[in-house]
Amino acid sequence: MVALKTEAKKGRGSGRGVMLMLGRWTLRFGLYLALCVVAVMFGLPFLWAVLTSLKTPAEIFIFPPKWIPSSFQWGNYVEIWRQAPFATFLWNSCQVTFLSIIGQLLSASLVAYGFARFRFPGRDALFLVVLSTMMLPYQITVIPTFLLYKWLGWLDTFKPLIVPAYFGGGAFAVFLFRQFFLTIPKEFDEAARMDGANSLSIFFRILVPLAVPVFTTMGIFSFLWNWNAIFYPLIFLNTTEKFTLALGLRYFQRTVTAGGKATEHLLMAAAMVMTMPCIALFLVMQRYFVRGIVMSGIKG
Amino acid sequence: MTSGAAPSARRRGRIRLSMAQGEAIEGYLYILPWVLGFAIFTLGPMLASFYLSFTNYSMLTPPKFFGLENYKRIFTERLFWKSVWNTVYYASIFVPLNMLASLCCALLLNQKVRGRAFFRAVYFLPSITPVVASVILWIWIFHPDVGLMNYLLGLVGIKPGPGWFASTKWSKPALIIISLWGSAGGGNMLILLAGLQGVPRELHESAEIDGANSWQRFWSITLPLLSPAMFFSLVLGIIGALQMFALAYLATTGYQVPAGGPASSTLFYMVNLYNYAFDYWEMGYGSALAWVFFLAVLILTYIQLRLAKSWVYYEAAAGEMKW
Numbered sequence: 044m045v046a047l048k049t050e051a052k053k054g055r056g057s058g059r060g061v062m063l064m065l066g067r068w069t070l071r072f073g074l075y076l077a078l079c080v081v082a083v084m085f086g087l088p089f090l091w092a093v094l095t096s097l098k099t100p101a102e103i104f105i106f107p108p109k110w111i112p113s114s115f116q117w118g119n120y121v122e123i124w125r126q127a128p129f130a131t132f133l134w135n136s137c138q139v140t141f142l143s144i145i146g147q148l149l150s151a152s153l154v155a156y157g158f159a160r161f162r163f164p165g166r167d168a169l170f171l172v173v174l175s176t177m178m179l180p181y182q183i184t185v186i187p188t189f190l191l192y193k194w195l196g197w198l199d200t201f202k203p204l205i206v207p208a209y210f211g212g213g214a215f216a217v218f219l220f221r222q223f224f225l226t227i228p229k230e231f232d233e234a235a236r237m238d239g240a241n242s243l244s245i246f247f248r249i250l251v252p253l254a255v256p257v258f259t260t261m262g263i264f265s266f267l268w269n270w271n272a273i274f275y276p277l278i279f280l281n282t283t284e285k286f287t288l289a290l291g292l293r294y295f296q297r298t299v300t301a302g303g304k305a306t307e308h309l310l311m312a313a314a315m316v317m318t319m320p321c322i323a324l325f326l327v328m329q330r331y332f333v334r335g336i337v338m339s340g341i342k343g
Numbered sequence: 002m003t004s005g006a007a008p009s010a011r012r013r014g015r016i017r018l019s020m021a022q023g024e025a026i027e028g029y030l031y032i033l034p035w036v037l038g039f040a041i042f043t044l045g046p047m048l049a050s051f052y053l054s055f056t057n058y059s060m061l062t063p064p065k066f067f068g069l070e071n072y073k074r075i076f077t078e079r080l081f082w083k084s085v086w087n088t089v090y091y092a093s094i095f096v097p098l099n100m101l102a103s104l105c106c107a108l109l110l111n112q113k114v115r116g117r118a119f120f121r122a123v124y125f126l127p128s129i130t131p132v133v134a135s136v137i138l139w140i141w142i143f144h145p146d147v148g149l150m151n152y153l154l155g156l157v158g159i160k161p162g163p164g165w166f167a168s169t170k171w172s173k174p175a176l177i178i179i180s181l182w183g184s185a186g187g188g189n190m191l192i193l194l195a196g197l198q199g200v201p202r203e204l205h206e207s208a209e210i211d212g213a214n215s216w217q218r219f220w221s222i223t224l225p226l227l228s229p230a231m232f233f234s235l236v237l238g239i240i241g242a243l244q245m246f247a248l249a250y251l252a253t254t255g256y257q258v259p260a261g262g263p264a265s266s267t268l269f270y271m272v273n274l275y276n277y278a279f280d281y282w283e284m285g286y287g288s289a290l291a292w293v294f295f296l297a298v299l300i301l302t303y304i305q306l307r308l309a310k311s312w313v314y315y316e317a318a319a320g321e322m323k324w
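Protein chains in written order, with the working numbering: chain A, 44 to 343; chain B, 2 to 324.
Listed below are the simulated DSSO-like cross-link pairs for lysine-lysine, each with C-alpha atoms no more than 30 Å apart in a straight line:
1) B/K83 <-> B/K173
2) B/K173 <-> B/K73
3) B/K65 <-> A/K193
4) B/K170 <-> A/K304
5) B/K160 <-> A/K109
6) B/K173 <-> A/K109
Partial list, computed: chain A residues near chain B (C-beta under 8 Å):
7) A82
8) S150
9) F325
Derived by calculation from the structure, the hints in this document are not laboratory data.
We put the CB at the ideal spot given by N, CA and C, even for glycine.
Pulled out of the complex, with its shape left as it was, chain A reads as follows (with noise of 0.2 Å):
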């Protein structure tokens, strides 16, 4: 806006001046337009999925399609908890994302203060190898992961999901911890263990208490990854009863639709209902969104 009033001010009077305005007018409008255009592609689907939530199954089929629906039917946000056990699905979800949200942040953030505070014979080659594990592709280890889990016993449990969490916490949260501890001065902690504070207590009451926005930005990625999660849960569960809410929208997806009945605005109210939890966070958290990845992708 600056720029334009400058261009305007110079440009007065003077015929090649309005043509110059002129044209900065057009480039924005452009720029306008194609902010618009995009938004609508990346936005549309969504607000096709929202208003279609809210019609009645004698609206869904009409063609062309009436954007509208003549009156906005909100039970059918409340339908689909009758047709499913959304409860149990959500529930199982809570108590899977929760604890391991847990048990990442404690075990990566212990890891990563390990890697960047500690010397040890082969430190940068281990760490060199945990990084190497976020290319690998995971189905490599999938078949003896799921021979082991069959032999404990934990096949149709919450287990496979929650009890690798503990374990390190994956690679991509391991090195976003440690970045962060590297850039924390050592003075800290040094000062602290004149006081006679031991590595832990350092850990909790000087490194800790520093990276909250780093435990946050990781907390909300694992919400999302454990949320949206499919893969493990299509291998390792099988019972309803034990289904996590991606899975369970599955299953009233293939449930729903083999009655052959119109099932759509139920199936786009549970979809909505599921990817909720998800935007809110995003809206309310941003600004730790937008750091976690562009710390990510800063490696180069």
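Since chain A is already given, all that's left is putting chain B on it; use the hints.
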């Protein structure tokens, strides 16, 4: 890392040594969870799947050693080649398009405009939508008769629209569109946007004085400085695209079993692996498939690292690595 302790270590040899040992032991203790996790959930299973890939194992009887049979079978099986073709098709269209689309979005959002936070949020939301939810949403949009997509195509004169998931020709493009929607405005875009905002203004200003137009400036200043970030997301993007699973599996198992329909047109490598391992319970053959995939990814990543030298601007990478 600072190494200020070295001279004093020489002076008070014995005590320092034991302190160093103490530090090392403490360090190992802190990383112990990861070491255990790596051994139990990564290295062990990798070795186990390597062993299993040479056996015939269907979980009913103990694994029987089988020599190279699984590997021989892989390369003669029609479904394997079909899945390789589908995966290469998907990756080679999706990865470049995704890179281009996220770069365009990042360039748009890098302009000084009103409501930038709003636009960024709208672009980003699809990337945090659970894949199960987005599949449900898009199957409805791609409905061949009453779907939104074919309605919009009809408005611009394309009638009748493609059959999308009912057609062997359009099922892959449909998946590419869903993937683009779900990732073009996501993390990749944010990384590029951060890169764009890190391009020093002075470089642009001095180039402008030298008479470079905006396209020249983009091509010879912005793009080289972005290349390390682009390389990083390209490597991970290709690995990710080759692992295509959830989207294809969820979008195609609604009405037919096993996944990968119609007529194997969405049978991607990982869908094929899943079908063999967890539908037919052929754990030996599945493990062989996993190892072939792993080796292919290793080779591909190695080639990319070699090629990177010719187009990635490393000074920028070194500058960014400072912290």
